[in-house]
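Q: So the chains spell out like this:
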Amino acid sequence: MATELLLAASVQGVIQQLVFGIATGGLYASLALALVLIYRAMETLNFAQGEMATFTTFIAFSLLTYLHLPYFVVFPATVVIAVLGGILVERVIIRPVERAPVITLVLVTLGLFAIFNGLSGLIWGYVVRPFPSPFPTTPVFVGGVGISYQDLGLIGVSTIVLVLIWLLFSRTRIGLMMRAAALYPESSRLLGVRVGWMLALGWGLAAGVGAVSGMMVAPITVLDPNLMQSVLLYAFVAAVLGGIDSPVGAVVGGLAVGVVLALVGTYLPAVQDLRLVFGFLVIILVLLVKPGGLFGHEHVERV
Amino acid sequence: MFGNDRTVARGVVGFLVLLALLAPLAALGKFQTLEFAYVWSFAIAIVGVNLLTGYTGQISLGNSAFMAIGGYTTAIVATRLGWTPIATIPLAAVLATIGGILLGIPALKLRGLYLGLATFALALSTPSVIRHFDELTGGSQGIYISGAAKDPFGLVESGQLTAEQWLYYLSLVLFLLLFLFSRALLMSDVGRSLRSIRDGETVAVANGISLRYYKTLAFAISALFAGVAGSLNAMATSYVGPNSFDATIALALLVGAAIGGLGTQAGPIVGALFTVWSPIYAQQIFKGRPDIVFGVLLIVIMYVMPQGAVGGFYRLLGLRLGLRRSVAAQPASPLGPVTAGGIDEER
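Residue numbers (our numbering), protein chains in the order written: chain A, 1 to 303; chain B, 1001 to 1347.
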């Protein structure tokens, strides 16, 4: 009898942790998707992706706190601001080095990292601030298992974002042009696709997805200028795990990372503080065993 | 024909070394002397990054981890076992080198951006490892090193040198030794092998160069330099903590190497001067956040002279480096953006 109760409790616990893992995994997946969008467009990683997301989350914070706008207005407004900001950053800052060697691009995005982190600190300071969640934290009971609305909401938001991105790329003309511009820039240009603007749009979309991710992370932790740094690392892990050029991979990778971190956090408390090391080891292992990730393409060198 | 140029160059270098030797006695105050001690220790670490990234083409964003090994070795051995801090430097170098070889093994298989990503993850996770093993490392508290500037010759005790001057000369002498070592290495056939790996691994292998041997060697030497730099840094600060050698330090090292000029021998000195002094000046110019100035400067330098200060200077003089790293000179590839294969891979 007692063992049965214990078993039931532990099964419930596992399910709760799984849901929590999928919810946080959706956040990693969103930011990983942002990284993948830029990687597909220009084969570089945007080290500033997390800081850009933090900056837009602060904009949302200001709209909510100082202009007293309702959340359902602030959320879409912030996403639009982020998309426009992303396009602007690409056109103004990235465009001059678009075709530069990879290290130059990496260094420029590191410069962006310093600028956005510094701007967030300069404008909003380093005091931690609470950020509201659109979802209540009260639990809903499904088959005897308590699951918070917060977790369900996060899963819902991530799903909507991912489905929208998928629809954009697979079902719209502009998505087709973006894919073409990334894969065959010269041919696309000959067919009248404005390749440069497609890259900029990729940056804009990435910034928009990042903004959603930031607004979802901030209520769970607290809002400060370093909000997204650990999220960015897990997003890197997710992107590598799934295959750095694969949007599907980013989603699966993000969910896997979220679930594993949630389980480690609950069942292996002794090594919980080594979560970042776990990320490092996963990156190394994946790259050694399956360099293209689960869903990506392996880089083939022409001789 | 070059004899004359070379004499001039030697004269300039000799003058600069003399200046570096005399400056703390003649012109620099306490604060400045210590800041320049940091310049030399950072220069050592940046020479290591330059060897790995600039000459061998392996992007490293993780050398702060080896600095942490060096710094913590010095702190732990000096405080627990009571060694004179300077005596811990060889041990710090050896342990960091072992770390470098261990990272070098998986890194053999990683290329370009992927290696940058993996090493960056290492840099990000270093502080949590330090906090985890708190019995050894003092956890979040860190370790205060009393008598960090103690010298075995009694120069500080007898008042012939201030503690800052001792640290300055220690860092300068080690920098000069390690700089000459890396210079000799780069001018030998080892240097040629490293450069050929950077310029195209396939060609290097076809010419009988062992990627395994030379890449591991580059990682080992790079880590050795970082270890010594970390040890000196710990002495100059008299303290090590989990965030003494975090990811921002790793970025600063790569940025320093790039701003000085990747693949140039004098680049790391300029890079170290920038790394140490730019935050101090930026703080004065722009009270709020020096990192904004830092970021803007980094981006502007990447636009104006992507080959770094020293590389740009050589270009102005019309010297050929045998390298093509200029963005402007990079031909627009018909296959799309340059791949993540290397720094200046010719395609």
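By construction, these hints were calculated from the structure, which means they are not laboratory data. For glycine and all other residues, C-beta sits at the position ideal for the given N, C-alpha and C. Among the hints, erroneous ones may be present.
Said to hold, decoys possible - If you want the footprint, here are the derived chain A segments under chain B, 3+ residues with CB under 8 Å:
1. 56-67
2. 118-131
3. 280-291
Q: For each hint, tell me whether it holds in the structure or not.
A: Here's how the hints hold up against the structure:
no.	hint	in the structure
1	56-67	violated (count 0)
2	118-131	holds (count 4)
3	280-291	holds (count 6)
Of the numbered hints given earlier, the model fails hint 1 alone.
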